[in-house]
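S.K.: Protein chains in written order, with the numbering used here: chain A, 7 to 276; chain B, 4 to 306.
It is worth saying that the hints were derived from the structure and are not from the lab.
For every residue, glycine included, the Cβ atom is placed at its ideal position computed from N, Cα and C.
Any given hint could be a false lead.
[Said to hold, decoys possible] Taking lysine to any residue and the SDA-like style, the derived pairs with C-alpha atoms no more than 20 Å apart in a straight line are:
{"id": "1", "chain 1": "B", "residue 1": "LYS94", "chain 2": "A", "residue 2": "GLU241"}
{"id": "2", "chain 1": "B", "residue 1": "LYS150", "chain 2": "B", "residue 2": "SER105"}
{"id": "3", "chain 1": "A", "residue 1": "LYS15", "chain 2": "B", "residue 2": "LYS212"}
{"id": "4", "chain 1": "A", "residue 1": "LYS260", "chain 2": "B", "residue 2": "ILE90"}
{"id": "5", "chain 1": "A", "residue 1": "LYS15", "chain 2": "B", "residue 2": "GLU203"}
{"id": "6", "chain 1": "A", "residue 1": "LYS15", "chain 2": "B", "residue 2": "ILE198"}
[Unchecked claim] Covered stretches of chain B, going by a simulated chain A footprint (3 or more residues, C-beta under 8 Å):
{"id": "7", "region": "48 to 56"}
{"id": "8", "region": "59 to 69"}
{"id": "9", "region": "206 to 215"}
{"id": "10", "region": "247 to 256"}
{"id": "11", "region": "264 to 271"}
[What the hints assert, rightly or not] Negatives, chain B to chain A, calculated, CB over 10 Å:
{"id": "12", "residue": "GLU5"}
{"id": "13", "residue": "ARG37"}
{"id": "14", "residue": "ASN85"}
{"id": "15", "residue": "ILE106"}
{"id": "16", "residue": "LYS136"}
{"id": "17", "residue": "HIS173"}
{"id": "18", "residue": "ASN176"}
{"id": "19", "residue": "ASP201"}
{"id": "20", "residue": "GLU231"}
{"id": "21", "residue": "ASP237"}
{"id": "22", "residue": "SER294"}
{"id": "23", "residue": "GLY301"}
One-letter residues, chain by chain:
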Amino acid sequence: MQRNLNHTKICVIEKVIDETPTVRTLIFSDDVMSSVLPGQFAMVWIPGINELPMSVMIAQESGKAAFTVRKHGPASTGLFNVKVGQQIGVRGPYGNSFDLKQGKLLLVGGGTGLVPMMRLLTHIKPNDDVTVLIGAKSKNEVFFEDLANNLLKNNPHRVIVTTDDGTYGEKGFVTSMVEKLVNEINFDGIYTCGPEIMMYKTVQLAHSRGLFVQASLERMMKCGVGICGSCCVGEDLVCKDGTVFDGDHLISNKEFGRFHRNKAGILENY
Amino acid sequence: MEPSLVTSIGKIQLERPVMLASGILGISLDVFNRLYRSGAGAVVSKSLSTEPWDGYPNPTIFGINGGGWINAVGLSNPGAPNFAKMIEPNKDVPIIISLVGSIPEDFSTMVEQFKNSKVIAYELNLSCPHVAKVGLEVGDDPELVKKIVSTVKNSTNVPVIAKVGLGTTHYLNTVSAAIDSGIDAITAINTIRAIAIDVETQRPILSNKFGGLSGTPIKPIALRCVYEISSKYDIPIIGCGGISTWEDALEFILAGASAIQIGSAIGDNWIHVFNDINKGILQYMKRKGYSKIDEMIGLAKKS
Ligand SMILES: Cc1cc2nc3c(=O)[nH]c(=O)nc-3n(C[C@H](O)[C@H](O)[C@H](O)COP(=O)(O)OP(=O)(O)OC[C@H]3O[C@@H](n4cnc5c(N)ncnc54)[C@H](O)[C@@H]3O)c2cc1C
Ligand SMILES: Cc1cc2nc3c(=O)[nH]c(=O)nc-3n(C[C@H](O)[C@H](O)[C@H](O)COP(=O)(O)O)c2cc1C
Ligand code: FES
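For reference, chain A alone in the conformation it holds in the complex (with noise of 0.2 Å):
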């Protein structure tokens, strides 16, 4: 029989690496999982703890793939203590995924919203001019630099990391850059992913200056298939209709950048 994929199927965790004090990527053994697009997610069961929504990440193996998780409440948390041999169940992919341009790309990633950027990298054409700017609070916080480096290895590229508080490579947030290199470069596409108000920042600058862009939301998952309406964004369902928007269409979305809901569904303030 095919593969149900909204039917949880149970992985084993086989390395671990660990990124930074609180981000790790968990990699496992999955052919749907390791071919997904860039974008697509998994709702990801840790058994007797929760199930939550996961960017897939790459793994440099064929038939892998990972996910790359920051601790904060619990059920993040009980993803980033499974250990090597341990099962966690994946559904999906679920979502769609960017549409990619040719030319000069200009990537901005805000925390684990780098990892669909990184399976985007692995999607570009050999003349693509590609700038990854990673911000990140401060040093210790920082991951991913060398495997985007290594992955545009063979392409004309920048890796830029911003740190908040100077610590690491340039100071200031990450749209100070976006803003600086918008000014100056006429992107053919521009990617994010990351905290809403760094995307929603990307998205006005980028708009603003006729750019094409878009961005990967994120929104309060229960069932990932357009059942349970806990991820709506205005009219729009994250899970169904996203998780990547446009920039022109999110511009016109009330609640992008303003307003997320909470498990009740109550709006609240960002």
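Please build the complex by placing chain B with the ligands on the supplied structure of chain A, with the hints as guidance.
M.R.: Only chain B with the ligands this time, still in chain A's reference frame:
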């Protein structure tokens, strides 16, 4: 002449017979607007309680191999007052408010909170199978059902629907109690109490262990219920449970339903299901020579 999809559920008139079932995509007016534009004849809100509820932790939903879903979202909802405020600007969408509570006063308090909203009906959730002290536990007590229905009927002129399901009391007793107290229509059925166990980790998957089974596996059961109710009582019925195609929808109409609700099929086929079903019913009507939905309701009982 083009046949008409207009249907009436007692005093409730709908342009189209396919509605959104409660608990599905139901927390934003913008989404309601979109579903209405996509072909839904009406939308039913998530079941609302007097206070906001977070619901159960994830996993709250699970896709069964072979089709169907088990969910224990736990009636998470923003609470009736917040919801009433959100739908205040509504002009066009026929909204049915679903309510859940333990005692008659819970329901009458909430109805009061919607008195300035544009609402075409209330649906009393007497059948959620996985939250204690509300839903099925209320529906399983016919005396309590009578009190709730009378209280709500006395608090509003808007039509009131009772949503029944399969519990420990025979659901026909719940139907009968609701009819005795003046209910305007019946929705049948809700999800059916169920469980899913993962064999690798050897534990139930849903955080609440038990959930409600929905989707294609429950369709024949829901259809049986609609057929039974319409054979026994003279009350408008809304069929719900496992409907995903126009043929499914017509089966419920032929069994006696005046309208149908759709939930899980949205998870399988997304919101195109509304228009797909509308189109299918229209084509069937043309082919068979019907001009109104009304002409088809309950036809299967004649034979
Ligand atoms: C599409 C998508 C992709 C994501 N990818 C990643 C990733 O690659 N790496 C990563 O570290 N994080 C990712 N997240 C965020 C992650 O799902 C959690 O929200 C975050 O880790 C916080 O969890 P917690 O431990 O605080 O949750 P808790 O406070 O323990 O609460 C757990 C419950 O709340 C839900 N929940 C809480 N906050 C959110 C939220 N913002 N979004 C969705 N559900 C929430 C969980 O599903 C769970 O049911 C992603 C979120 C989405 C929507
Ligand atoms: C995720 C989910 C949440 C639901 N929440 C509610 C609810 O809040 N109130 C209610 O009366 N029914 C609720 N239901 C039941 C549905 O309204 C419907 O009766 C049931 O799912 C059967 O229809 P279906 O097979 O088309 O899904 C829910 C069902 C699902 C799948
Ligand atoms: S997570 Fe349930 S609708 Fe998107």
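S.K.: State for each hint whether it applies.
M.R.: Hints and how they fare:
no. : hint                 : verdict
1   : LYS94/B to GLU241/A  : 16 Å, holds
2   : LYS150/B to SER105/B : 11 Å, holds
3   : LYS15/A to LYS212/B  : 18 Å, holds
4   : LYS260/A to ILE90/B  : 16 Å, holds
5   : LYS15/A to GLU203/B  : 10 Å, holds
6   : LYS15/A to ILE198/B  : 17 Å, holds
7   : 48 to 56             : holds (count 3)
8   : 59 to 69             : holds (count 10)
9   : 206 to 215           : holds (count 3)
10  : 247 to 256           : violated (count 0)
11  : 264 to 271           : holds (count 4)
12  : GLU5                 : 29 Å, holds
13  : ARG37                : 4 Å, violated
14  : ASN85                : 6 Å, violated
15  : ILE106               : 21 Å, holds
16  : LYS136               : 18 Å, holds
17  : HIS173               : 29 Å, holds
18  : ASN176               : 30 Å, holds
19  : ASP201               : 7 Å, violated
20  : GLU231               : 28 Å, holds
21  : ASP237               : 34 Å, holds
22  : SER294               : 34 Å, holds
23  : GLY301               : 30 Å, holds
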